[in-house]
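**Student:** Read off the chains here:
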Amino acid sequence: MPLSPEEIRSLQAKARQLRCDMVDVTVWAGGAHIGGALSMTDVLTALYYHYLSVKPAEPGWPERDRFVLSKGHGGVGLAAVLADKGYYDKELLREFNHFKSPFGMHLDGLKVPGVDASTGSLGHGLSMAVGMALGARFQKQAWRTYCLLGDGECDEGSVWEAAMAAHHYKVDTLTAFIDRNHMMIDGRTEDIMSLEPLAEKWKAFGWEVREIDGHDYAQIGAAIEGAQAAKGAPTVIICTTVKGKGVDFMEDQVKWHYGSIDSELAAKAKASIQAGAGAARAGAPAAGGAS
Amino acid sequence: MTEVTGTTWNVYDANTLTQAEIYGRVLCDLAEADPRIVALTADLARSTKIGVFQDKFPQRVFNVGIAEQNLFGIAAGMAKSGLLPFVSTMSAFASMRALEQVRTDICYQNLDVKIIATHGGVSFGQAGTTHHCTEDIAIQRSLANMCVIVPADGWETANAVRAAVKRPGPVYIRLGRGFEPTHYENDDYGFEIGKAVTINEGTDITVIACGVAVYHAAEAAKLLRDQDGIGVRVLDVHTIKPIDEEAILKAVSETRRILVVEEHNVIGGLGSAVADVIAASGKGCAFAKAGLPDCYSEVGYPEDLYSHYCIDGDGIVGKVRELLKREFEADEDWEDEH
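Chains A and B supply the protein sequences, listed in that same order. Quick note: the first sequence uses this note's numbering, first residue 1, plus one each step. Quick note: the second sequence uses this note's numbering, first residue 292, plus one each step.
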């Protein structure tokens with residue numbers, strides 16, 4: 001059932017709060033991959049606050065839906081979401097990145113409740129997600145598997161090995177998201193290593209492909225529901241997003257791939273998020289004109 | 292969990308079946324009783340001899356094509372979802388092509404994935420260095436959580452596979468190509484992960500071996516007994532990690548001379564694992580390693596390569612004779628210490 005206007009407003013409010021939480025964690029951590037965390041926040045919010053079937057009080061619930069954050073450097077974002085969902089106390093995140101903390105920039109599933117796969121090295125998550133989806137089928141379980149990849153991550157050949165296998169095995173319970181913020185560490189994806197035509201590549205690999213604005217909840221919801229209804233093939237949802245989304249001085253800025261912020265800058269960031277500011281809209285970045 | 296003893300698989304003729312074929316059959320028996328077991332490979336179902344498993348359980352075999360990174364990633368995901376994957380491919384690909392998936396997806400997450408790495412060492416002789424693997428023991432034993440087993444022959448492979456199912460966490464079992472001679476006469480010799488098997492008693496020198504070198508070490512021991520009157524203790528240290536420190540230190544204490552023989556680079560493998568134990572003990576002994584002297588392997592029939600690298604019977608005899616002449620600084624307190 002499509003998201004109602006009220007549900008969308010609620011998710012948007014939740015996302016604003018989560019983005020502020022991520023800013024807090026970035027301060028506590030002494031630095032984080034804040035840009036890519038903010039770009040994927042709306043997809044994470046839609047999943048964790050509407051679509052994923054999980055039980056935060058029982059992280060190992062066997063029938064839960066699985067979520068693999070293949071772009072593991074987004075850990076600061078997922079950690080904030082899982083805290084808010086009640087997997088653990090948000091106060092624990094004050095130790096993020098500190099000595100012997102369970103929380104590092106790439107989350108460890110053996111240490112952080114709710115993390116279904118330890119990731120960090122790019123190009124690993126989709127294969128594991130394929131394995132989880134096959135595991136569900138083999139055991140006649142109904143749970144679904146979701147995997148969120150970065151766009152730069154799609155440079156990794158192993159992503160395409162997994163893409164080929166998912167099509168071959170027709171794992172239609174698997175849904176992949178590409179956080180298409182058009183940026184990687186060293187610059188714009190199309191300048192460093194061209195990904196386009198990205199949708200055609202996934203189509204050629206046999207996937208159902210949906211292209212959406214990754215900050216528009218109506219589109220995110222419709223795409224996920226479409227993926228849930230798809231039969232015979234996995235679905236990839238290419239989400240056009242803005243790196244640093246919600247924080248005006250971070251939006252579409254390569255330098256905010258990873259950064260540290262002090263409390264003063266954090267206050268500005270949160271004010272920007274709460275104001276719903278950010279001139280940039282998905283697909284029409286404010287600065288520089290994404291290719 | 293299943294216990295497979297004394298039934299169908301005992302009638303297998305380990306002298307005519309290869310290690311990998313025995314692996315396939317044992318896995319079938321285990322899978323009968325354990326519905327979690329699935330088998331994965333990357334276009335090497337034939338070479339890794341899981342065909343028998345495929346015939347019996349076609350729905351439980353996943354051949355992912357020539358994509359080893361994906362192979363181990365999928366296995367990790369399956370293990371995460373409650374299955375017990377056995378992954379078979381050549382050791383070169385399991386240990387190098389897909390090393391990061393083995394390390395990060397499987398070992399870091401401490402997953403129940405069992406890796407059956409075939410064509411270890413120089414066993415695929417004529418194929419040359421690309422298809423040899425003389426680095427894998429060093430690589431795999433440096434991965435935290437990983438258990439590393441190098442069975443001597445088919446019987447020991449059967450034992451290792453059964454033991455791997457019972458052991459939680461990742462296990463790497465390194466096999467040859469399958470044409471290696473068989474040392475054991477049956478499976479009933481008390482195999483236990485992490486416990487060396489003393490296959491020949493002796494107090495003049497100890498030869499520590501794994502894999503195909505065990506057979507050759509036993510042959511060498513016979514020859515040295517008959518020709519030189521030397522008592523050679525031979526230890527089959529099939530488990531490289533966790534290693535049997537007690538058996539190694541006992542050998543140091545009782546024979547004072549240790550030769551380690553393996554189908555591997557002399558750097559980082561069983562020899563290094565044994566040296567670690569000895570060095571940490573503070574005991575002195577005469578010590579030598581036989582294997583590939585930090586070089587890339589030659590092409591040829593495995594037997595010729597084993598001879599070239601002194602890991603066959605004659606080679607080991609020569610190395611033992613050398614080591615027996617070696618001087619080393621004796622520990623004055625030695626007698627008091629054991």
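Hints may contain errors.
Said to hold, decoys possible - SDA-like cross-link-like pairs, simulated, lysine to any residue; straight-line CA separation at most 20 Å:
id : chain 1 : residue 1 : chain 2 : residue 2
1  : A       : K140      : B       : F348
2  : A       : K14       : A       : Q253
3  : A       : K111      : B       : F348
4  : A       : K140      : B       : P326
Because the hints were derived from the structure by calculation, they are not lab data.
**Student:** Could you tell me which of the hints above the structure violates, numbers in ascending order?
**Tutor:** 2 and 3
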